[in-house]
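Q: One-letter residues, chain by chain:
There are 2 protein chains.
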Amino acid sequence: MRLIVDVMSGDSEALEAVKGALKAHRELGVDITLVGDEKTVTDALETLSVTPNDSVKVVHAASVVTMEDDYLVVIKSKKDSSMSVGLNLLKAGEGDAFISTGNTGALVAGASLIVRKAKGIKAAAIGAVIPLGAPMLLIDAGANVAPNAETMKQFALMGSIYMENMFGLKSPRVALINNGTEETKGNDLARETYGLLKECPDVNFIGNIEGRDVVNSVCDVLVADGYTGNIILKLVEGFGKFMSKTLKSMFKKNFKTIIGALFLKSEAKALKKSMDYTEYGGAPLLGISAPVIKAHGNSGEKGVFSACRQAKTFVETGIIDEIAALGAKMREEKRGTENE
Amino acid sequence: MRLIVDVMSGDSEALEAVKGALKAHRELGVDITLVGDEKTVTDALETLSVTPNDSVKVVHAASVVTMEDDYLVVIKSKKDSSMSVGLNLLKAGEGDAFISTGNTGALVAGASLIVRKAKGIKAAAIGAVIPLGAPMLLIDAGANVAPNAETMKQFALMGSIYMENMFGLKSPRVALINNGTEETKGNDLARETYGLLKECPDVNFIGNIEGRDVVNSVCDVLVADGYTGNIILKLVEGFGKFMSKTLKSMFKKNFKTIIGALFLKSEAKALKKSMDYTEYGGAPLLGISAPVIKAHGNSGEKGVFSACRQAKTFVETGIIDEIAALGAKMREEKRGTENE
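Protein chains in written order, with my numbering: chain X, 570 to 909; chain S, 570 to 909.
Bound conformation, chain X alone (with noise of 0.2 Å):
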């Protein structure tokens, strides 16, 4: 197996992403092909006194996408960078995932115009783990601000597939997130989606969540076109931040609370790392042909280490022909429908 890593596009420096794609490479066994700036990343290399071979490939690309630019540059005037060059080896059959800490609406954009959807899949949904009690699937998570209940319906299939296929679950619990639990409440959107999923066979749809039970581990996946689903992703991320920072200085007060927070120490660090984002890797492009995963902007050595690991699991375990699969029996349903 070989994962295609862009080690130039994130927040933190080329040398980070480099650490986390070689540990990849040493503790999970797979090769891997480093896609930036050729001197910096061979540059990186030598300080980490690792010489490019077979295993460890680079391939040069000459420009980066910025987090500020267009999401079309991938395809247009940033052709040669390095988010562009990834995902044209992962289509040319170069490796069997691509890993990104970059610009997220170049990633989606770039990997359905380049390494393209899935036949039949209507859109790429960006999903998103929720790391709040037991992991939860948030789909979509910003790739379409604007889907249609079709959409959503798909969103559901795969966030079912993919939650399925990562974490061993017996048909996942599906929530379709909304401003009450009955089946009436939400917008035509809402409640349109409602009635397709409440008479889709293949979701175990458990009905309508309200923005309360987010944080409670009541579904496995959890619905959303893309303009809300981005809201609650980062309010959450914003919590986690809320919270560490509150615990912070309240552990930092005075005399006291500092004595206080020593008694408190593993315990605080355990609540830490149960809210920390990179322990789930990345976000999952679900409907592209080909694994890829978005990992956040600034992750670091463990970051990318940890999307290199799911993305190991994503290519191993069926998903990729599962969302084929389903893709083709969308198609074959559309076909159905306009027959009759």
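Check before you lean on any hint, since a few could be wrong.
Copies of the same chain are indistinguishable here, so a pair counts whether it falls within one copy or spans any two.
Keeping only pairs whose Cα atoms sit at most 25 Å apart, straight-line, the calculated DSS-like set for lysine-lysine is [what the hints assert, rightly or not]:
(1) K754 - K686
(2) K842 - K871
(3) K660 - K648
(4) K754 - K648
(5) K881 - K660
(6) K871 - K817
(7) K608 - K825
(8) K842 - K592
(9) K691 - K817
(10) K645 - K688
(11) K841 - K821
(12) K754 - K645
(13) K898 - K648
(14) K838 - K825
(15) K842 - K814
Hint data in this document are derived by calculation from the structure and do not stem from the laboratory.
Everything numeric in this text was worked out from a predicted model, so none of it was measured.
Starting from the known structure of chain X, arrange chain S on it as the hints suggest.
A: Frame of chain X, contents of chain S only:
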């Protein structure tokens, strides 16, 4: 000043609501009208050794709107409910503000249809003060799941009026929740709303904010459609509970942590207080021609008292007049546009 309090519609005992209202009567010097089943309310008063009089009136209502009732019962099958009776008292000028802990949907519908919206205001909105850091008004927290951009602009204007009057903020900072900070981000509604807010001289618009900034006190008014706003509000509530549950189990884990917790007791208490939504009372319904406040469903004495205190300020400030003036201006602008 007289406050009309629906003491029957909440999840708590009527006695608790009566206690909260009586506390407001004693401490804030307001007259109160308690609406509910006459026997239940007079029994509660008797328990508290209070005899009804001109300052503490009881008005009988034969039924109660439940949390499960359809929102239209308030003007249909349950016209004799404590909520309907209270709203009709407000409409008739038999009090200056109405407070209910009941079914939000029914209260919004009842207030809009019985008390009526201010002329020129397209829709009433639920404002909810988010208790993380500096107070921030989230508007709409769930009254309108599918508003248009013009309605969203009115939310921004009404929210500004509310925060200016209630919290003494000069030119409150208004932001739009979105899946990115750039003007081009979001669904059609968000993009169109951005355009209107940018051009509106009466709104101090600071642009889009992402989910992670909801906890960072970067704005005073956060504009959202009711679907998204409701999800945000409940997520914030859920997070508060998650945080206090997490801290509790961390403190109680073993002998060592119990000792540690003793040193942190007053800080933990202060934290809990800072995240307590009952501190700010309830959620104002903005756009109605008289003050209506939705207190949290499980408000006990403290929650109802806070909502009464808030209602008093609501009445004393010029909010209702300013919203009426806003509605008049909106009607004139519309007429102007139509004549062009």
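Q: Give a verdict on every hint.
A: Hint check:
no.	hint	verdict
1	K754 - K686	between (32 Å within a copy, 23 Å between copies)
2	K842 - K871	within (13 Å within a copy, 37 Å between copies)
3	K660 - K648	within (14 Å within a copy, 66 Å between copies)
4	K754 - K648	between (45 Å within a copy, 24 Å between copies)
5	K881 - K660	within (17 Å within a copy, 66 Å between copies)
6	K871 - K817	within (23 Å within a copy, 30 Å between copies)
7	K608 - K825	neither (52 Å within a copy, 52 Å between copies)
8	K842 - K592	within (20 Å within a copy, 45 Å between copies)
9	K691 - K817	neither (45 Å within a copy, 45 Å between copies)
10	K645 - K688	within (24 Å within a copy, 51 Å between copies)
11	K841 - K821	both (16 Å within a copy, 17 Å between copies)
12	K754 - K645	between (42 Å within a copy, 20 Å between copies)
13	K898 - K648	neither (34 Å within a copy, 52 Å between copies)
14	K838 - K825	both (20 Å within a copy, 15 Å between copies)
15	K842 - K814	both (14 Å within a copy, 17 Å between copies)
In the structure shown, a violation is registered for the earlier hints numbered 7, 9 and 13, in ascending order.
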